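Number of protein chains: 2
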Amino acid sequence: MDVHEAVKTRRSVREYLKTDVSNLEIAEILEAGRWAPSGLNNQPWKFMVVRGEKKDAFAKHTKYGRIITGAPVCIAVFYDVESGYDRDKDMQSIGACIQNMLLAIHSIGLGAVWLGEIKNQHAAVEKELDVKHELMAVIALGWPTKGTQGDAERKEMQDLVV
Amino acid sequence: MDVHEAVKTRRSVREYLKTDVSNLEIAEILEAGRWAPSGLNNQPWKFMVVRGEKKDAFAKHTKYGRIITGAPVCIAVFYDVESGYDRDKDMQSIGACIQNMLLAIHSIGLGAVWLGEIKNQHAAVEKELDVKHELMAVIALGWPTKGTQGDAERKEMQDLVV
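First to last, the sequence lines map onto chains A and B. If you read the first sequence in the numbering used here, its first letter stands for residue 1, the second for the next number, and so on. If you read the second sequence in the numbering used here, its first letter stands for residue 163, the second for the next number, and so on.
Be aware that one or more of the hints could be misleading.
[Stated by the list, open to error] Residues from chain A shown here face chain B by an in silico Cβ test under 8 Å; the list is partial:
id, residue
1, LEU24
2, ILE26
3, ALA36
4, GLN43
5, MET48
6, GLY116
[Unchecked claim] Only pairs whose alpha carbons sit at most 25 Å apart, straight line, appear in this in silico DMTMM-like list of lysine to aspartate or glutamate:
id, chain 1, residue 1, chain 2, residue 2
7, B, LYS317, A, GLU82
8, B, LYS317, A, GLU28
9, B, LYS216, A, ASP159
10, A, LYS146, A, GLU15
11, A, LYS8, B, GLU177
12, B, LYS317, A, ASP130
[Claimed, not checked] Pairwise CB distance ranges, derived in the manner of DEER restraints:
id, chain 1, residue 1, chain 2, residue 2, range
13, B, GLY271, A, GLN121, 41 to 47 Å
14, A, LYS155, B, GLY214, 25 to 31 Å
15, B, VAL323, A, ARG154, 42 to 48 Å
16, B, ALA285, A, ARG154, 50 to 56 Å
17, A, LEU24, B, LEU186, 35 to 41 Å
18, A, GLY70, B, ARG249, 42 to 48 Å
19, A, GLU128, B, GLY214, 52 to 58 Å
20, A, LEU24, B, LYS289, 20 to 26 Å
21, A, GLU128, B, ASN185, 19 to 25 Å
If you're looking for bench data, these hints aren't it; they were derived computationally from the structure. In this text, all values refer to a predicted model and were calculated from it rather than measured experimentally. The beta-carbon is built from N, C-alpha and C at its ideal position, and this holds for glycine as well.
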């Protein structure tokens with residue numbers, strides 16, 4: 001899919017068919033994340049592919065747990081603090097990394113939603129999973145059910161340019 | 163350009179031809195930024211298109227000033243703090259927004275570099291320009307000279323998956 005089309009037609013998708021997402025598709029998505037730019041090229045991200053019962057460790061710590069439970073697979077994105085050099089810039093890089101993955105997901109025909117609320121409970125998830133990296137977000141994904149389209153509202157360009 | 167190709171072939175470009183970048187191309191790039199996702203859909207970004215002498219206000223506050231001076235146009239990206247709700251998440255959204263623009267730039271055939279070092283001197287730039295938003299980054303862009311390819315090293319996937 002063309003970059004411009006992907007950027008403009010991507011929407012949050014929160015309901016999925018039960019059809020699984022293949023490991024080949026997951027690999028392609030993670031590969032897109034891997035190629036994101038970062039300050040000093042420090043690549044401060046870590047990924048966890050989450051399926052089955054392991055999803056519960058995430059689902060129970062967010063009010064959007066039903067989306068995680070309903071997705072065939074999730075990608076949890078962590079901040080590798082040891083690779084970090086500037087928190088603001090590292091957060092930006094992780095945002096670029098997540099966006100690469102969201103565009104790759106959409107380009108394949110899959111649908112996803114970037115769940116950020118769970119970040120507020122990151123310590124609880126990390127403790128439960130015994131992970132030393134800091135949880136940033138969970139991307140829930142799957143094949144979209146018909147008619148699932150998220151909010152498409154954006155501010156007008158004239159209000160964004162200073 | 164296909165999303166996967168754009169993600170994998172985009173590199174930092176730091177030297178540009180003198181050929182100008184049209185307003186139509188700039189509009190397409192900003193439009194890609196406008197469509198980035200953000201937490202609560204708060205869209206906490208502002209853009210400034212910078213040409214000519216105005217570039218000096220940025221160039222003199224970063225050690226990468228020569229890249230800014232050498233680019234026909236720059237896009238300065240600001241954090242609209244009043245629209246913000248969670249600094250980490252807002253930084254991530256701004257990173258997604260910048261990545262959308264970098265992919266759009268590359269897709270058009272232009273080249274760009276994400277300059278983050280200037281963020282360390284954001285207050286000085288804001289004071290000079292009398293801008294109330296917080297400077298996050300400057301994207302320097304133009305038509306690439308031949309043979310300019312940035313660092314393409316990435317960590318191995320096996321080291322990124324936990």
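Structure-based check of each hint:
Taking 8 Å as the C-beta cut-off, the interface hint given for LEU24 (chain A) is violated, the closest approach to chain B being about 13 Å. Because the beta carbon of ILE26 (chain A) sits about 10 Å from the nearest beta carbon in chain B, more than 8 Å, this interface hint is broken. Annotation: ALA36 (chain A) was flagged as interfacial toward chain B, and the flag holds, the nearest CB pair being 7 Å apart, inside 8 Å. Residue-level restraint check for GLN43 (chain A) holds (minimum Cβ-Cβ distance to chain B is 5 Å; threshold 8 Å).
The restraint placing MET48 (chain A) at the interface with chain B holds, with a minimum CB-CB distance near 5 Å, inside the 8 Å limit. Among the interface hints, the one on GLY116 (chain A) holds; its C-beta lies about 5 Å from the nearest C-beta in chain B, closer than the 8 Å criterion. With a CA separation close to 14 Å, the supplied pair LYS317 (chain B) and GLU82 (chain A) stays within the 25 Å bound. Note on LYS317 (chain B) and GLU28 (chain A): the hinted pairing holds, with a Cα-Cα distance of about 15 Å set against a maximum of 25 Å.
Annotation: proposed proximity of LYS216 (chain B) to ASP159 (chain A) holds, straight-line Cα distance about 21 Å (limit 25 Å). Restraint check for LYS146 (chain A) and GLU15 (chain A): the C-alpha separation of about 9 Å stays at or below 25 Å, so the hint holds. With a C-alpha separation of about 29 Å, the suggested pair LYS8 (chain A) and GLU177 (chain B) falls outside the 25 Å cut-off, and the hint is violated. Simply put, LYS317 (chain B) and ASP130 (chain A) have alpha-carbon atoms about 23 Å apart, close enough for the 25 Å limit, and the pair holds.
At roughly 44 Å, the beta-carbon separation of GLY271 (chain B) and GLN121 (chain A) lies within the given 41 to 47 Å, and the hint holds. The hint said 25 to 31 Å for the Cβ distance between LYS155 (chain A) and GLY214 (chain B), and at roughly 27 Å that hint holds. For VAL323 (chain B) and ARG154 (chain A), the hinted distance range of 42 to 48 Å is not satisfied, since their beta carbons lie about 33 Å from each other. Between ALA285 (chain B) and ARG154 (chain A), the C-beta spacing of about 29 Å breaks the proposed range 50 to 56 Å.
The hinted window of 35 to 41 Å between LEU24 (chain A) and LEU186 (chain B) holds, with their beta carbons roughly 38 Å apart. For the pair GLY70 (chain A) and ARG249 (chain B), the beta carbons lie near 30 Å from each other, so the given range of 42 to 48 Å is not met. For GLU128 (chain A) and GLY214 (chain B), the Cβ-Cβ distance of about 55 Å falls inside the hinted range of 52 to 58 Å, so the restraint holds. Roughly 52 Å separates the CB atoms of LEU24 (chain A) and LYS289 (chain B), a value that falls outside the hinted 20 to 26 Å.
With their beta carbons about 52 Å apart, GLU128 (chain A) and ASN185 (chain B) fall outside the hinted range of 19 to 25 Å.
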